[in-house]
Amino acid sequence: MRAYIVSRLGQTALVLFLSLTAVFAMSRLSGDPVLLFMPMDIQAKDVNEFRQRLGFNDPVPVQYARFVAGAARGDFGESLRYREDAMGLVLARLPATLLLASTSLLLTFAVAVPLGVLTAVRRDGLLDHVGTVSTVLGQATPGFWLGLMLIYVFSVQLRWLPTGGIGGVAHLVMPSIVLAAFYSARIARLTRSAVLDALGEEYVLTARAKGLGEGRVIGKHTLRNSAIPIVTLAGLEAGQVLGGAVITETIFAWPGLGRLTVQALLNRDFPVVFAAVFVISLMYTLINLLVDLAYAWLDPRIRLR
Amino acid sequence: MSRARRPFQLKKWLGLGLTLTALLAALGAPWLAAHDPLRTDFAQSLKPPGAPGHALGTDQLGRDLLARVLHGARLALFIGGCTVVLTALVGGALGLVAGFVERWPSAVLMRIADVQLSFPFILLAMTINAIVGLGLRNIILSLSAAGWVVYARVVRGEVLSVKQRDYVHAAAALGMSRTRLLLRHVLPNVAPSIVVVASLQFSSFIVAEAAISFLGFGIQPPTPAWGSMLSESRDFLYVAWWLALFPGGALALTALGVNLLGDWLRDTMDPKLRV
Chain Y
2 MRAYIVSRLG QTALVLFLSL TAVFAMSRLS GDPVLLFMPM DIQAKDVNEF RQRLGFNDPV
62 PVQYARFVAG AARGDFGESL RYREDAMGLV LARLPATLLL ASTSLLLTFA VAVPLGVLTA
122 VRRDGLLDHV GTVSTVLGQA TPGFWLGLML IYVFSVQLRW LPTGGIGGVA HLVMPSIVLA
182 AFYSARIARL TRSAVLDALG EEYVLTARAK GLGEGRVIGK HTLRNSAIPI VTLAGLEAGQ
242 VLGGAVITET IFAWPGLGRL TVQALLNRDF PVVFAAVFVI SLMYTLINLL VDLAYAWLDP
302 RIRLR
Chain X
572 MSRARRPFQL KKWLGLGLTL TALLAALGAP WLAAHDPLRT DFAQSLKPPG APGHALGTDQ
632 LGRDLLARVL HGARLALFIG GCTVVLTALV GGALGLVAGF VERWPSAVLM RIADVQLSFP
692 FILLAMTINA IVGLGLRNII LSLSAAGWVV YARVVRGEVL SVKQRDYVHA AAALGMSRTR
752 LLLRHVLPNV APSIVVVASL QFSSFIVAEA AISFLGFGIQ PPTPAWGSML SESRDFLYVA
812 WWLALFPGGA LALTALGVNL LGDWLRDTMD PKLRV
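Chains as they are written, first to last, in this note's numbering: chain Y, 2 to 306; chain X, 572 to 846.
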């Protein structure tokens with residue numbers, strides 16, 4: 002078990018290294034990096050100072066070595082826009098994103114898993130049809146459009162909720178619904194099919210035959226056995242939630258990591274982009290490690306090696 | 572059995588209907604729209620839907636919204652189509668080779684796939700787009716660079732299982748060359764998976780393009796792309812709801828139609844496939 006975790010952490014480090022190298026290569030291969038890094042409104046006389054300050058006068062291998070050495074210490078240099086430590090900026094925005102992501106994950110599981118179980122148990126009933134239609138719609142509706150429509154209804158027309166920003170619970174309502182919508186639709190669909198699979202198994206027949214109540218048959222025998230595919234998808238999608246946060250945070254002016262990344266890309270603030278890429282890949286690979294550890298806990302037959 | 576068939580058919584017809592409508596709008600945009608999507612007319616700015624001559628109203632510059640939504644379909648389907656073809660060709664070919672030649676190419680390819688998959692698709696495509704530059708060609712390239720991995724993985728997995736089948740062993744034993752074996756016996760048997768993945772990816776490419784253009788990359792105004800139209804509509808949400816409703820609705824219905832069609836294709840061609 003310990004060997005397994007150590008080897009997975011090693012793989013995580015390798016993935017991080019390769020993804021940073023890829024971003025570095027892209028930023029150097031697509032023309033003069035100074036022009037790419039420059040704010041659009043820079044004066045011609047500043048270009049040289051800029052070139053010198055960022056070390057673009059050195060050969061590329063030297064620049065790469067310096068980049069990797071810095072990255073290993075979590076140092077990606079100074080933000081070109083804010084003149085602050087890029088990693089510090091990213092870490093300062095992280096709590097807001099974690100708050101939004103965890104709220105919408107809680108919302109997802111509170112809605113999607115019961116919905117999936119109910120639609121599976123009442124297969125072909127009214128609830129199943131309503132549930133299937135709403136999950137299909139939920140999957141097709143782009144989050145940024147849903148966000149705009151919610152703002153129109155609840156902020157512009159009804160004036161119940163703020164249009165954006167961070168603050169009280171009211172600020173959290175619409176962003177977490179938008180972020181949870183797509184995710185819930187997928188989890189609900191998968192839960193339904195996983196529960197249907199498990200309901201066809203012989204141990205369910207046995208449990209019913211020995212006179213267990215339907216609640217225990219579903220809760221104890223079916224749900225636990227259908228948990229593996231649900232947890233797999235949840236882990237795979239967790240990274241996409243980070244991607245969804247980029248859009249959601251921009252619509253609702255939520256001061257998180259996603260909005261910072263979009264702004265950094267628009268401002269060509271590449272030190273911040275590098276730091277954000279680093280933190281996002283790290284979070285994603287760690288989530289996947291946790292998912293794999295969860296398998297072993299859910300299904301004792303699985304041995305991690 | 573008959574009970575299970577009903578929603579299955581609904582999927583097919585609703586999917587086909589919505590997809591064909593979008594396709595018709597895209598192909599017929601220049602003839603269906605009475606106005607030029609780029610022509611401004613300040614006297615007619617921000618007219619609500621139903622205004623004379625403007626069925627869906629006009630935007631802040633007096634441009635006809637119906638014309639812009641129709642031309643948006645043209646752009647969305649063109650970008651989605653090009654990206655799907657490009658990713659299917661590149662990803663499919665790489666997956667085919669990686670599955671067939673089980674030595675280092677396979678390992679290297681799967682490592683690259685792991686790295687790419689350790690990053691959210693939309694963020695990856697957006698980052699690539701910010702670096703390579705904006706515009707139609709670059710958004711297609713960015714989406715393709717971010718999206719080929721899915722095909723490579725699925726096709727490689729399929730090839731690994733197909734090449735263990737008896738007919739492949741038999742053909743190899745008869746002395747068929749490896750290239751011919753790959754093209755005659757392996758490719759036709761993984762083709763259904765490629766078609767299914769392509770149809771399921773199509774809608775996610777369309778939505779991703781809109782999201783990227785919405786965030787300020789990709790297709791730039793005044794070109795009538797649904798994403799950049801929605802982005803502009805944010806400034807007028809208090810006075811002109813139609814600017815947000817119609818382009819987004821067109822996008823959602825197109826994505827829904829293509830999704831349903833893809834689901835139906837998977838159910839009929841390759842029910843085991845999980846994408």
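There could be a bad hint or two in this list.
In silico lysine to aspartate or glutamate, EDC-like type, Cα no more than 20 Å apart, as pairs [said to hold, decoys possible]: (1) Y:LYS221 x Y:GLU202; (2) X:LYS583 x Y:ASP125; (3) X:LYS583 x X:ASP806; (4) X:LYS582 x X:ASP838; (5) X:LYS583 x Y:ASP86; (6) X:LYS582 x Y:GLU202; (7) X:LYS582 x Y:GLU79.
Residues from chain X that keep clear of chain Y, each with C-beta distances beyond 12 Å, as calculated [what the hints assert, rightly or not]: (8) LEU587; (9) GLY621; (10) PHE649; (11) VAL668; (12) ARG682; (13) PRO691; (14) ALA701; (15) GLN735; (16) ARG749; (17) SER774; (18) SER775; (19) ALA781; (20) SER802; (21) TRP812; (22) LEU827.
Which bits of chain X does chain Y cover? Going by a derived footprint, with three or more residues having C-beta under 8 Å, they are [to be verified]: (23) 626-632; (24) 786-797.
Keep in mind the hints are simulated off the structure, nothing from the lab.
Backbone N, C-alpha and C fix where the C-beta goes; we use that ideal spot for every residue, glycine too.
Hint-by-hint comparison with the structure:
1. Y:LYS221 x Y:GLU202: 14 Å, holds
2. X:LYS583 x Y:ASP125: Holds, at about 18 Å.
3. X:LYS583 x X:ASP806: 38 Å, violated
4. X:LYS582 x X:ASP838: 10 Å, holds
5. X:LYS583 x Y:ASP86: Violated, because 54 Å separates the two Cα atoms, which is more than 20 Å.
6. X:LYS582 x Y:GLU202: This hinted pair is violated, its Cα atoms lying about 28 Å apart.
7. X:LYS582 x Y:GLU79: 52 Å, violated
8. LEU587: Holds, because the least Cβ-Cβ distance between X:LEU587 and chain Y comes to about 15 Å, which exceeds 12 Å.
9. GLY621: X:GLY621 clear of chain Y: closest Cβ-Cβ about 19 Å, beyond 12 Å.
10. PHE649: 18 Å, holds
11. VAL668: 21 Å, holds
12. ARG682: 7 Å, violated
13. PRO691: 3 Å, violated
14. ALA701: The claim is violated: X:ALA701 sits with its nearest Cβ about 4 Å from chain Y, within 12 Å.
15. GLN735: About 24 Å separates X:GLN735 from the closest Cβ of chain Y, which puts it past 12 Å; holds.
16. ARG749: 30 Å, holds
17. SER774: Nearest chain Y Cβ is 7 Å from X:SER774, so the label is violated.
18. SER775: 10 Å, violated
19. ALA781: 6 Å, violated
20. SER802: Per Cβ check, X:SER802 is inside 12 Å of chain Y; nearest 9 Å; violated.
21. TRP812: 6 Å, violated
22. LEU827: 4 Å, violated
23. 626-632: Contact hint for the stretch 626-632 of chain X vs chain Y: violated, 0 residues under 8 Å.
24. 786-797: holds (count 3)
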